[in-house]
Amino acid sequence: MKLLRIVPDDTKFDFMRFRRISFPVSALLSIMAIALYFFHGLNFGIDFRGGTLLEVQSKSGPADIAKMRTTLGGLNLGEVQLQQFGGPTDVLIRISEQPGGDAAQQAAVQKVRAALGSEVDYRRVEVVGPRVSGELLSYGVIGLILAILCIFIYLWFRFEWQFALGAMIANVHDLVLTIGFMSLAQIDFDLTSIAALLTILGYSLNDTVVIYDRIREMLRRYKKLPIADLLNASINSTLSRSVITHVTVSLALLALLLFGGQAIHSFTATMMFGVVLVGTYTSIFIAAPILIYLGVGLGRAEGRDETPDRP
Amino acid sequence: MLYFTRWKAAAVVFTAFIVCLFAVPNFFPEKTVQSWPKWAQRHVVLGLDLQGGSHILLEVDSNAVRKEKLETLRDDVRRVLREARVGYTGLAVRGNSVEVRIREGGEQQARTKLQDLSQPLGGILGTSGARTVDITTEAGGLIRLTMTEPAIIERIRQSVEQSIQIVERRVNELGTVEPLIQRQGVDRILVQVPGLQDPTRLKELLGKTAKLDFRLVDLTMAPEQAQAGRAPPESEVLMSSAKQGQRAPYLIEKRVMVSGGDLTDAQPGFDQRSSEPIVSFRFNTSGARKFAQVTQENVGKPFAIVLDNEVISAPVIREPILGGSGQISGSFTVEQANDLAILLRAGALPAPLTIIEERTVGPGLGQDSIEKGKLSSYVGAAMVIIFMLVTYGLFGLFANIAVAINVAMIFGILSLLNATLTLPGIAGIVLTVGIAVDSNVLIYERIREEVRGGRSPINAIDAGFSRALATILDSNITTFIAAAVLFYIGTGPVRGFAVTLGIGILTTVFTAFTVTRLIVAYWVRWRRPQHVPI
Numbered sequence: 001m002k003l004l005r006i007v008p009d010d011t012k013f014d015f016m017r018f019r020r021i022s023f024p025v026s027a028l029l030s031i032m033a034i035a036l037y038f039f040h041g042l043n044f045g046i047d048f049r050g051g052t053l054l055e056v057q058s059k060s061g062p063a064d065i066a067k068m069r070t071t072l073g074g075l076n077l078g079e080v081q082l083q084q085f086g087g088p089t090d091v092l093i094r095i096s097e098q099p100g101g102d103a104a105q106q107a108a109v110q111k112v113r114a115a116l117g118s119e120v121d122y123r124r125v126e127v128v129g130p131r132v133s134g135e136l137l138s139y140g141v142i143g144l145i146l147a148i149l150c151i152f153i154y155l156w157f158r159f160e161w162q163f164a165l166g167a168m169i170a171n172v173h174d175l176v177l178t179i180g181f182m183s184l185a186q187i188d189f190d191l192t193s194i195a196a197l198l199t200i201l202g203y204s205l206n207d208t209v210v211i212y213d214r215i216r217e218m219l220r221r222y223k224k225l226p227i228a229d230l231l232n233a234s235i236n237s238t239l240s241r242s243v244i245t246h247v248t249v250s251l252a253l254l255a256l257l258l259f260g261g262q263a264i265h266s267f268t269a270t271m272m273f274g275v276v277l278v279g280t281y282t283s284i285f286i287a288a289p290i291l292i293y294l295g296v297g298l299g300r301a302e303g304r305d306e307t308p309d310r311p
Numbered sequence: 312m313l314y315f316t317r318w319k320a321a322a323v324v325f326t327a328f329i330v331c332l333f334a335v336p337n338f339f340p341e342k343t344v345q346s347w348p349k350w351a352q353r354h355v356v357l358g359l360d361l362q363g364g365s366h367i368l369l370e371v372d373s374n375a376v377r378k379e380k381l382e383t384l385r386d387d388v389r390r391v392l393r394e395a396r397v398g399y400t401g402l403a404v405r406g407n408s409v410e411v412r413i414r415e416g417g418e419q420q421a422r423t424k425l426q427d428l429s430q431p432l433g434g435i436l437g438t439s440g441a442r443t444v445d446i447t448t449e450a451g452g453l454i455r456l457t458m459t460e461p462a463i464i465e466r467i468r469q470s471v472e473q474s475i476q477i478v479e480r481r482v483n484e485l486g487t488v489e490p491l492i493q494r495q496g497v498d499r500i501l502v503q504v505p506g507l508q509d510p511t512r513l514k515e516l517l518g519k520t521a522k523l524d525f526r527l528v529d530l531t532m533a534p535e536q537a538q539a540g541r542a543p544p545e546s547e548v549l550m551s552s553a554k555q556g557q558r559a560p561y562l563i564e565k566r567v568m569v570s571g572g573d574l575t576d577a578q579p580g581f582d583q584r585s586s587e588p589i590v591s592f593r594f595n596t597s598g599a600r601k602f603a604q605v606t607q608e609n610v611g612k613p614f615a616i617v618l619d620n621e622v623i624s625a626p627v628i629r630e631p632i633l634g635g636s637g638q639i640s641g642s643f644t645v646e647q648a649n650d651l652a653i654l655l656r657a658g659a660l661p662a663p664l665t666i667i668e669e670r671t672v673g674p675g676l677g678q679d680s681i682e683k684g685k686l687s688s689y690v691g692a693a694m695v696i697i698f699m700l701v702t703y704g705l706f707g708l709f710a711n712i713a714v715a716i717n718v719a720m721i722f723g724i725l726s727l728l729n730a731t732l733t734l735p736g737i738a739g740i741v742l743t744v745g746i747a748v749d750s751n752v753l754i755y756e757r758i759r760e761e762v763r764g765g766r767s768p769i770n771a772i773d774a775g776f777s778r779a780l781a782t783i784l785d786s787n788i789t790t791f792i793a794a795a796v797l798f799y800i801g802t803g804p805v806r807g808f809a810v811t812l813g814i815g816i817l818t819t820v821f822t823a824f825t826v827t828r829l830i831v832a833y834w835v836r837w838r839r840p841q842h843v844p845i
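So the sequence lines, in the order shown, correspond to chains A and B.
Under this note's numbering, think of the first position of the first sequence as 1, with each following residue one higher.
Under this note's numbering, think of the first position of the second sequence as 312, with each following residue one higher.
FYI, nobody ran anything at the bench for these hints, they're computed from the structure.
One or more of the hints may lead you astray.
Quick look at which bits of chain B chain A covers, simulated, 3 or more residues with Cβ under 8 angstroms [stated by the list, open to error]: (1) 391-402; (2) 448-457; (3) 528-534; (4) 676-686; (5) 758-764; (6) 807-820.
Backbone N, C-alpha and C define an ideal beta-carbon position, used for all residues, glycine too.
Let the hints inform the model, and build the full structure from the sequences given.
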C-alpha cells in the first residue's frame, strides 16, 4: 500500500526569508487586533459582565421571537436580547445586569419565568451576580498571566533565555490575534473562552517547543552552520510532523465544530482559529525566526562541525 | 530503546490493563454496579451540564454578622455597667465599635469590668495573644470597644459552618439525589443539586433565614401611633406578612419569650375545625417551661409569632399553654405550610444568605449535550484513525491501538478520581485524541528522517524513539502547565475540561513512552524488518 505523504521528504523552503514579510504582517495584524479590542470591543458574556441568560425551547413549533421580545420588553428589565440558538424552537435570552445587587437578578428571572409561563421549556438558566462576575474576570486574566509566566520559567530552565523569550513573544502574539478574531466575530467571551485561550497557549507552545527542541539539537551538532540556515533546516525537518499533527487536531476540532452542538460552538471556533491557523503560523514564521534577533547561537564555539553520528 | 526486559513489559501491560479496568463500571447501569464491591464502584460523575441540575452559590451576609456581633457587644456593655452600678450615657454602636460615656468617678471601675468582655481569641487555649475586643479610653470618660478583625472573621467562619449544616438539612428535605454542599472561600457556600429542574422552591428555602420568635404584643400604644412617633424603647413596629393581602403594622416587644431554637419538631397539618393548612410544633423541655410561664402570666393578651421580622399571626392567649406544643396558622397554602415546617425543623440561619450565582440546566439540554458529545467524539476519532492508517499504514494501526488504550486509560483515571465529566470535558478528550497521535507522529517522522539519514531499519527505529521522546516530554509539559492553571482558576465545566486535558496529557506521555514502544519492539523482534514501512 502506498502511504500518504503530505509533505515531501527533504523540503528546503527558505522560511527565514519570509521573516521580512511575516514580521511586518504580524505586527500589523497585532495592531489591528488591539484596535479591534479597543474600538469594536469584546462581546462579554454574563460570566464577566453579570446578568442573566436563559435558553428556552418553545413547546409548540418554532418560537415566535417577535412576540417574546414584546412580552419581555414590557417587563422593564433594561436591555433584553433575544437570539435564535441552534434550531428554530430554541431562543437565547440575555438580560443585562439589574441595578440593585444580587436579589434584583433573582427577581428578574422570576419575572421572565412568570411572563413566558409554561409555553416554553427552560433548558438553561444562568444568573451571575455583580461580585461573582468581577471575580471571574480577574481570575481569568490572572490565570492567563500566570500560565504565561509558568511556561516562561519552565522554558528558561529547559532551554536558554532567548528561547523562553521567543516563545513568550509568540505566545502573546497568538493571544492577541485570537482576541482580535473574537472581537471581529463577536464570539461570546466567557469562561470557556478563557479555557480556549489557555488551550491555544498550550498547543501553540507545544508546536514551538518541538521546533525549538530541534534547533537546540542542531546547535549542538553543527557549530559552524550560519544560524539562518540552521533555523531553516530545523523548520524543514519538523515540517512534515507539524503539518500532520495539525491535520489530526483539525479533524478532531472539525468534528466538535460540526457535531458538538451550540453549547461548545464558540469554544471550538476559537480553538480552530487559534490552534490551527495562528498557532502553526506563529511557530514557523515568528517563534523560530525571532531567535536570530534574540542572538541565539552567537556564542557558539568556533570549531569543526561534528560529524553526525552515522553508523 | 527497543529492548524490554520481560518483567518491564509485563509491568507496562499490567499497569495499562488495570487502569483501563477502572473504566468498566461506566458501561454498566448504576443498579448493577451497586452490587459490586466498594472499590470497584468508582465511576465518572456526569457534570450538571450533562445530567441537568442546579448550581447555586450562596454568600453569607458578613455585614449582618458584623452588625449582630456589635449589637451583642452593646447589650453586654449595658449589662456589665448595670451590674457594676456605673452611671453612663450615650451607649451606641458607631461604625465598627461600641461607644459609651462613663459618668465622673466611675471610669476606673467601668474599665476593669469591661475588660472581662475581651476574651483571648480561640478560647482560653488561644496562644496567638489576639483578643476579641480592643478597649480604648478617651478624654471625658469615653470608652470605645472595637471588635478585632480576627474575632469577626472567626465569627463569620462559624456562621458559615452553621449555615452549611442548616442548608444541608433544608436541601435534604427536598428528597433529591446526592446534593453537594460545600464551603467555598471564606464566606460562600456552594450547593449543587443534580436533576433539579426548577430551582424556584430550592431558592425560596435557601433565601429565608427562618428566625422564629414568640414575643408579646405591646398594647401600650397603637401601632400606627408608634409608627409615626417614637415607639417605646423596649418594643418595635413589625409588619405582618403579605399573605393576608395587605400588610398591617404591629407593635411587638423586643424581648423574645421563646425562640425557634427551642423547637424540637414541626410538622405541616390541617386545622381540625377550619381545615386550613397549619404548622404544628413542639418545644423542648426548657422551651415548654418558658412558654408555659409566659402564657400563664399573660392570659387574655395577644402574642405574636414572628418569622424573619414579619408577623405571621398574633393570636390571643385564651388559656395557659402547658403541654409544650402548639400550632401556627397564617393563611398558608399547603406548600407554604410544608416549607415552613421544613424551615423550622432545619433551624434558623445565623445570618441571611444571598444567591450570588445560579446555573441551572434542564434534563433535555443535558441529554442533547451527551448525544452531541458522543457523536462528535465518534466522528472525530474515526477521522483521526482513518487519517493515521492512510498516512502510516501498519504503524498507523499501532498508533490507533495506542490512542484507544489512551482514551480507555483517561476514563479509568477519571473513574478512579470520581472526576466530573462535563461537555467541555468531552471536548478535552476529543482534543486529546487529536494530540495523542502527535506523539506517534513525532516518533514516526523522526524514524523516517533517520532512515533517510542512512540508518538500518532497527537502528532508525531505535534512534527515532530515543530522540522523539525527549521532545514529547518537553512539549507536553508546557500544555500540562496550561491545564494546571486552568484547573486552578476554573470552576464547573471549565474545570472539567482542565481535568480531562491534564489526564489526557499524562496518559499520552505514558502510552508514547511505553505502549507504543512495546508494540513496535515486539513487532521488530517478530518480523526482523529489512525496511521500515512508513
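Hints, verified against the model:
For the stretch 391-402 of chain B, the stated coverage by chain A is violated: 0 residues have a C-beta nearer than 8 angstroms to a C-beta of that chain, whereas at least 3 were required. Counting residues of the stretch 448-457 of chain B whose C-beta sits closer than 8 angstroms to any C-beta of chain A gives 0, which falls short of three, so the coverage hint is violated. Interface restraint, the stretch 528-534 of chain B with chain A: violated (0 residues with C-beta to C-beta distance below 8 angstroms; minimum three). With 6 residues carrying a beta carbon less than 8 angstroms from a beta carbon of chain A, the stretch 676-686 of chain B meets the three-residue requirement, and the given coverage holds.
As drawn, the stretch 758-764 of chain B meets chain A at 4 residues by the rule of a beta-carbon pair under 8 angstroms; at three or more, the given contact holds. Remark: the stretch 807-820 of chain B is confirmed as covered by chain A, as 3 of its residues place a Cβ nearer than 8 angstroms to a Cβ of that chain, reaching the required three.
This entry does not satisfy hints 1, 2 and 3, going by the numbered hints stated previously.
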